[in-house]
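So the sequence lines, in the order shown, correspond to chains A and B. In terms of full-length UniProt numbering, the first sequence has 443 at position 443, counting the first letter as 1, and numbering is strictly consecutive. In terms of full-length UniProt numbering, the second sequence has 140 at position 140, counting the first letter as 1, and numbering is strictly consecutive.
A couple of the hints might just be wrong.
[Claimed, not checked] With a cut-off of at most 30 Å between alpha-carbon atoms, the simulated BS3-like pairs for lysine-lysine come out as follows:
#1 B:K214 - A:K296
#2 B:K234 - A:K296
#3 A:K187 - A:K52
#4 A:K301 - B:K248
#5 B:K214 - B:K248
#6 A:K301 - B:K234
#7 A:K464 - B:K234
Just so you know, the hints here were simulated from the structure itself, not pulled from any lab data.
Listed below, chain by chain, are the residues.
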Amino acid sequence: MINAVGREIPDELLKDGKEVYQGKFYMNGKYVKKDSPRTKRYETPQESKVCKNIREASEKCGAHDGMTFSFHSDFRNGDYVASMVAKVLVEDMGLKDLTIAATSLGSAQDLIADYITKGKIVGIQTSGVRGRIGEVVSAGKLKTPAIIRSHGGRPRAIEAGEVHIDIAFLAASSADCYGNAKGTGGKNNCGSLGFAVPDSHYADHVVVITDTLLDFPSLPATISSIDVDCVCVVNSVGDPAKIASLEARMTDNPRELMMAENVAGIIAATPYFKTGYSFQTGVGGPSLAVTRFLEKHMVEKNITMGFALGGMSSAICKLQDKGLVKQLLDTQDFDKGAIEHLAAHPDHHEICTSQYANPANKGAYVNKLDFVVLAALEIDTHFNVNVITGSDGVLRGAPGGHPDTAAGSKCCIIVTPLVRGRMATVCKDVVTVTTPGDCVDVLVTDYGIAVNPLRSDLMECLDKAGISYVTIESLQEKAYSLVGTPDDLEWEDQVIAIVEARDGTILDVVRRIKPLQLD
Amino acid sequence: MITRPKPQKNRLRRTMMFMNAQKPGLIKDAYIYGSDSIILDLEDAVAENQKDAARFSLYHTLKTIDYGDTEVIVRINGLDTPHWQEDIRCVVAGGADGIRIAKCESAKDVKTVEEHALAAEREFGVEEGRTLIMAALESPKGIMNAYEIVTASPRMFGCAISGGDFRKSMHVQIVKGGIEMLAARGQMLLAARAAGVQCFDTMYPNIDDMEGFKAEVSQNREMGFDGKSVVNPKQIQFVHETFAPTKKEIAYAEKLIRSFNEQVDAGVGVYTVDGKMVDIPFFEDAKRILALARACGVYDGDL
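Take these sequences, add in the hints, and give me the full structure.
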């Protein structure tokens, strides 16, 4: 069946009420019956929940073949815990037919790729599939298609019972012996632990894994002891150098700076740019630099920001310290400056992914977002964005909050160079749709700006501000004139990943790429 | 194959950005930053044993990349090197808009380049006289001969001082306030204005010192320069803003032209606007200001 972004979705995936993507806000107003965990009673008072090791905790939680385990990715590329736990489950305990439900998976979890290849792990549900996991999944080694969800789509699926977590293994920077846990106060701090919170509420069993045991009670805590079965103390939960850089680097690439400056100019030209406005950006080159140029406009026009949302960096924290931003709503921290700031500043708040972006709750913060600035691997002439597959068709990215913030915000700006090496970023059809074009408003490239024809109001704003723009087709033609027209990818029939829209419908599928044959 | 439109002698040249002609990654789309002109460099940026490679890269760039409205000038090697003749053939064959003569010291230098440009135009079937020339004055001798240089050829559209070499020959360093090159800048400006050609200031070498850069650009404008060489895209915007007429200047120019038209109809010559006496030269200058403002995109009125 062809969905609203023109993608053919195989009928065999459309069972148990699964539908194809119908356009944004299609599920609005529908009622949902929330799933509930089956949890164990701990009536007899116990002195401590600390277990000898991960195996003992897993056994206490009844780990067995066929279970679904979850991990969070607030320790990002520095995470040791997911691999550590997977190793115990597969190698020490000999478990098989396992499903991993993670907020993201990347090169820190390369070990899991081996267990996929060996057939021990048969299912993956995640936002990101990077590194070797992406390669083995793309090669068709996983028994069932991977399910790719956004940061908001994941808590929605958990609440709806579409993924039921048997045991959540939640890494924490510090915890007490009863499981009150957080992302600060330890040896290896990650800052916000917002990714872990839905799992602590909806998993049948919760194991907190930390390297810093604090005196009971350790409060305030992100994960509450009432949700925790076991606590494990390990040598180290992560590699501090990879959890967060000292400070996310501000680009000095003139091309990225030019794009960032143009993004800030567009923001300042819209009616949403007024005191109390809200904003989210990433830490990629041009995205982070937008913050700097935005500051100039804010000071000039005497405008302050109401709240900044999502992943935090030193740059936005410094804006708050200067009094230009009232509140920070933080799901993850990209650098040490932001981690320390979360602990120190009363208006820097930790929020969970459901609060952040879940489309099925009663109002996530993305719905109050004015501007979001996002990157893209590809964007096509229908403004559909791909952030998950490379131009070779291999999984190598993560939607993260991309589709959520694009849908929720009043003005979603994609910033990307027109070409990357020999690859046209602006193309006729993206390899995989991860964010539908009806959620994307403006594209800023190094070769010009394009506005989604759905947003004639924004075109008027740009006209008034003297900001010139062109059609997205002309940018695509320019890209192809520079690097040539790409050949179509050649696919096999096997679906290796399902890309779920944030509302739970099917946005796209990724098939297995035909192995390259050299004549 | 790209064919560039016929170059214009008089056009907006607020910024001329230098780019190493040998670096495809830089020159493939250098126009995106919006400088008025680009100077593709075959001279100092290119190592002695890479001159051929740079010419090859330059020629194919000119033939395959559409620079649109951005002017493309090529800085050729000095006339005391074995490279300049081949440089000129490459520039003309590729269809660049003009040649920047490095270390130009005399009218003879200009005429020599002109002869070779003409020969190359004939060789490659390019319209005769199409290739423009500008002179870079880099020595005391070049400055002393500024007037004969800028009047040596009908192809000549302007001159620029090149601070690096010039300061060395004068035994001075770059100084805040620009006293070290004040006389040279002034003399070159006089020569250019006397000849009716444009005049450009040297690049500011300390890329990270935006404050020093801004001070120099502001002084350039106050002295009467038409534009400035830049070496980094982040320097472009400030130059463009600084060289554009201010709102006040535009308003005054408009008022002057409107009142002038009325006075002419009434048969009056000298009269006053806002208490200041004005006559024909004021009118000419007001027309120039509005034309510049329009070209800079800060004026869309009907005068």
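Verification of the supplied hints:
no., hint, in the structure
1, B:K214 - A:K296, "holds (17 Å)"
2, B:K234 - A:K296, "holds (15 Å)"
3, A:K187 - A:K52, "holds (20 Å)"
4, A:K301 - B:K248, "holds (22 Å)"
5, B:K214 - B:K248, "holds (21 Å)"
6, A:K301 - B:K234, "holds (23 Å)"
7, A:K464 - B:K234, "holds (25 Å)"
Against the hints set out earlier in the document, no violation occurs for any number.
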